[in-house]
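**Student:** The task is simple: from the sequences and hints, build the whole structure.
As given, the protein sequences belong to chains L and Y, one line each in that order. Going by the working numbering, the first residue of the first sequence is number 3, and it counts up by one from there. Going by the working numbering, the first residue of the second sequence is number 3, and it counts up by one from there.
Hints may contain errors.
To be verified - Listing some non-contacts, in silico: residues in chain Y with all C-beta distances to chain L over 12 Å:
(1) PRO194
(2) PHE276
(3) SER315
Unchecked claim - Distance ranges between label pairs, derived from CB positions:
(4) L:GLU238 <-> Y:ARG131: 51 to 57 Å
(5) Y:ALA47 <-> L:ASP81: 43 to 49 Å
(6) Y:ARG108 <-> L:ASP81: 21 to 27 Å
(7) L:ALA285 <-> Y:GLY288: 40 to 46 Å
For the record, the hints were derived by calculation from the structure and aren't laboratory data. C-beta atoms are modelled at their ideal positions from N, C-alpha and C, and glycine is treated no differently.
There are 2 protein chains.
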Amino acid sequence: MSRCLVTGGAGFIGSHLVARLLAEGHSVAVFDDLSLGRREHVPAAARFTQADLLDLEAVEKAVDGQDAVFHLAANSDIDFGRRQSDRDLRQGTLATYNVLEAMRRRGVKKLVFASTSAVYGETPAIALREDYGPLLPISLYGASKLACEGLISAFAHNYGVQAWIYRFANVVGANATHGAIFDFARKLKKDPKRLEVLGDGTQSKPYLLASDVVDGMLFGFSHAGDAVNLFNLACEGGTSVAEIARIVVEEAGLSGVAVSYSGGKRGWVGDVPFVRMDPAKLAALGWKARHDSTEAVRLAARAVVAQVAQSASL
Amino acid sequence: MSRCLVTGGAGFIGSHLVARLLAEGHSVAVFDDLSLGRREHVPAAARFTQADLLDLEAVEKAVDGQDAVFHLAANSDIDFGRRQSDRDLRQGTLATYNVLEAMRRRGVKKLVFASTSAVYGETPAIALREDYGPLLPISLYGASKLACEGLISAFAHNYGVQAWIYRFANVVGANATHGAIFDFARKLKKDPKRLEVLGDGTQSKPYLLASDVVDGMLFGFSHAGDAVNLFNLACEGGTSVAEIARIVVEEAGLSGVAVSYSGGKRGWVGDVPFVRMDPAKLAALGWKARHDSTEAVRLAARAVVAQVAQSASL
Numbered sequence: 003m004s005r006c007l008v009t010g011g012a013g014f015i016g017s018h019l020v021a022r023l024l025a026e027g028h029s030v031a032v033f034d035d036l037s038l039g040r041r042e043h044v045p046a047a048a049r050f051t052q053a054d055l056l057d058l059e060a061v062e063k064a065v066d067g068q069d070a071v072f073h074l075a076a077n078s079d080i081d082f083g084r085r086q087s088d089r090d091l092r093q094g095t096l097a098t099y100n101v102l103e104a105m106r107r108r109g110v111k112k113l114v115f116a117s118t119s120a121v122y123g124e125t126p127a128i129a130l131r132e133d134y135g136p137l138l139p140i141s142l143y144g145a146s147k148l149a150c151e152g153l154i155s156a157f158a159h160n161y162g163v164q165a166w167i168y169r170f171a172n173v174v175g176a177n178a179t180h181g182a183i184f185d186f187a188r189k190l191k192k193d194p195k196r197l198e199v200l201g202d203g204t205q206s207k208p209y210l211l212a213s214d215v216v217d218g219m220l221f222g223f224s225h226a227g228d229a230v231n232l233f234n235l236a237c238e239g240g241t242s243v244a245e246i247a248r249i250v251v252e253e254a255g256l257s258g259v260a261v262s263y264s265g266g267k268r269g270w271v272g273d274v275p276f277v278r279m280d281p282a283k284l285a286a287l288g289w290k291a292r293h294d295s296t297e298a299v300r301l302a303a304r305a306v307v308a309q310v311a312q313s314a315s316l
Numbered sequence: 003m004s005r006c007l008v009t010g011g012a013g014f015i016g017s018h019l020v021a022r023l024l025a026e027g028h029s030v031a032v033f034d035d036l037s038l039g040r041r042e043h044v045p046a047a048a049r050f051t052q053a054d055l056l057d058l059e060a061v062e063k064a065v066d067g068q069d070a071v072f073h074l075a076a077n078s079d080i081d082f083g084r085r086q087s088d089r090d091l092r093q094g095t096l097a098t099y100n101v102l103e104a105m106r107r108r109g110v111k112k113l114v115f116a117s118t119s120a121v122y123g124e125t126p127a128i129a130l131r132e133d134y135g136p137l138l139p140i141s142l143y144g145a146s147k148l149a150c151e152g153l154i155s156a157f158a159h160n161y162g163v164q165a166w167i168y169r170f171a172n173v174v175g176a177n178a179t180h181g182a183i184f185d186f187a188r189k190l191k192k193d194p195k196r197l198e199v200l201g202d203g204t205q206s207k208p209y210l211l212a213s214d215v216v217d218g219m220l221f222g223f224s225h226a227g228d229a230v231n232l233f234n235l236a237c238e239g240g241t242s243v244a245e246i247a248r249i250v251v252e253e254a255g256l257s258g259v260a261v262s263y264s265g266g267k268r269g270w271v272g273d274v275p276f277v278r279m280d281p282a283k284l285a286a287l288g289w290k291a292r293h294d295s296t297e298a299v300r301l302a303a304r305a306v307v308a309q310v311a312q313s314a315s316l
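**Tutor:** Dropping the structure here:
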């Protein structure tokens with residue numbers, strides 16, 4: 003049993019991680035500004051601090067005495083990051099610097115970080131390995147995560163922090179706050195007759211259930227012991243947006259929905275339309291996602307449709 | 003003839019670039035906070051603004067109406083960046099964000115950026131190509147330059163900025179403000195009998211004369227037309243620190259100097275001891291450094307020894 007801080011612990015992936023850490027008997031503290039996260043996602047068994055990662059003193063206080071920090075907090079809305087060009091810089095890069103600096107000042111040595119396939123930018127249609135280069139992200143979100151990876155690597159070398167960096171595939175599941183499944187479920191709740199899809203529907207990416215993401219993060223954390231451990235956290239293959247639309251419609255119990263496409267190969271500027279990731283590096287240590295991409299989408303659609311149906315605000 | 007802004011134009015590489023741009027008939031403005039740069043390096047023909055890149059309003063004013071921005075300003079002292087962990091974040095990452103944001107607001111479209119081999123981190127002993135990965139820098143300086151590359155790539159994709167990113171080898175020559183040659187020349191001026199060298203002397207890297215760096219930057223700028231153009235700016239091979247010490251001693255006209263080594267394979271924490279860079283990508287467009295690494299060291303040592311001898315403050 004150890005003491006863990008989860009930043010963004012009231013958010014989508016964070017809430018799954020917190021539940022899992024508590025179930026394993028760890029002592030868990032959550033740090034979240036509730037800009038995207040929800041207070042009700044944080045179980046009573048976890049200590050909760052509502053504060054901003056840009057407040058270095060608050061971060062120092064929160065990391066003090068922790069065995070490990072799981073740093074998941076970030077702006078997860080890529081499109082929003084484009085409209086306010088310093089959002090990812092502040093909530094991603096500067097926030098991560100503060101986490102690292104607070105750890106350095108308080109002597110906290112282990113950091114698990116949520117990075118993203120967006121660091122790869124727009125690439126050839128191959129299964130990307132962790133050593134793919136050059137890294138030319140096309141979104142400010144991807145740029146910020148790349149900046150964080152570099153900062154973490156430098157802090158590891160200079161100040162003895164040990165790090166596990168995971169480049170996540172698209173993560174789906176209950177408690178999602180954004181993404182295609184969430185958007186489709188909300189749109190269908192408002193109008194069960196039609197569904198407008200951004201892009202031409204051929205965008206295709208690997209989807210991973212949040213429970214699998216949590217599982218992979220913890221597996222790598224206990225099985226990889228380098229100073230900096232960098233892994234894709236993904237499944238093989240992928241699922242197209244058109245398939246996702248079909249699955250969400252099915253899971254919503256609807257039929258005869260008129261699905262239309264806004265057109266263009268991207269959902270939005272900064273969207274990478276085709277992504278495949280090679281999960282071999284983490285697989286070599288013995289880990290594999292329980293669900294393939296399209297299974298993950300279906301299970302997530304089921305959970306999200308139910309949550310959206312129950313929610314008054316969505 | 004065009005209008006160019008050079009950030010860090012009073013600094014080491016900047017001063018060489020400004021002289022060259024003026025010689026080619028361009029209209030040149032210099033933006034420098036004079037933290038490392040020197041006012042006397044800026045020719046009278048260049049417009050000069052002393053200001054901080056963290057002052058976004060000042061940056062906006064400076065970029066307004068420019069055809070291109072050459073963004074060279076940064077903390078160039080890697081070891082200092084370790085002792086003050088937010089120095090490279092502020093003077094590198096945030097300053098570069100401001101340059102990009104100012105360009106976006108004022109509609110300036112062309113950016114030439116000084117990156118570094120330090121983004122590669124500690125790598126196998128191979129000639130590194132631009133597509134080498136993973137990029138795990140071991141210095142905060144390298145981390146910041148990697149962050150800047152990502153920001154530039156994202157701004158290029160989202161806001162139509164066109165960029166030329168050069169990963170510099172070690173740059174040497176007159177007006178240097180740091181580096182082995184400069185340090186050795188200063189030490190020998192103080193005590194011509196002995197020279198202490200950081201590390202064991204086997205550290206070996208490619209050295210490029212500032213004049214060659216300027217030449218390569220301008221060559222790529224006029225010969226590469228992608229949205230983001232990423233190049234190593236380097237020569238083949240490299241020179242060891244022990245060789246540099248020998249050359250500086252010779253160029254200082256000294257003999258019988260007792261050279262001692264502090265030991266250890268690195269000069270300092272964050273120093274990458276062995277670097278080789280593959281210059282083939284820029285070479286394929288037709289550019290090659292005029293001087294090889296050891297020639298560059300000798301010519302630079304000659305110039306730096308003369309400057310140090312003349313200076314009262316060094």
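**Student:** Decide, hint by hint, whether the structure agrees.
**Tutor:** Outcome of the hint check:
Every CB of chain L lies more than 12 Å from the CB of PRO194 of chain Y, the least distance being 35 Å, so the non-interface label holds. With 12 Å as the threshold on Cβ separation, the claim that PHE276 of chain Y sits away from chain L holds: the shortest Cβ distance comes to roughly 16 Å. Its beta-carbon lying about 30 Å from the closest one in chain L, SER315 of chain Y satisfies the requirement of being farther than 12 Å from that chain. A hinted range of 51 to 57 Å for the beta carbons of GLU238 of chain L and ARG131 of chain Y is inconsistent with their spacing of about 28 Å.
A C-beta distance of roughly 45 Å is found between ALA47 of chain Y and ASP81 of chain L, which places it inside the suggested range of 43 to 49 Å. Checked against the hint of 21 to 27 Å, the C-beta distance between ARG108 of chain Y and ASP81 of chain L comes to roughly 24 Å, which is consistent with it. Between ALA285 of chain L and GLY288 of chain Y the beta carbons are some 44 Å apart, a value that agrees with the proposed interval 40 to 46 Å.
In the structure shown, a violation is registered for the earlier hint numbered 4 alone.
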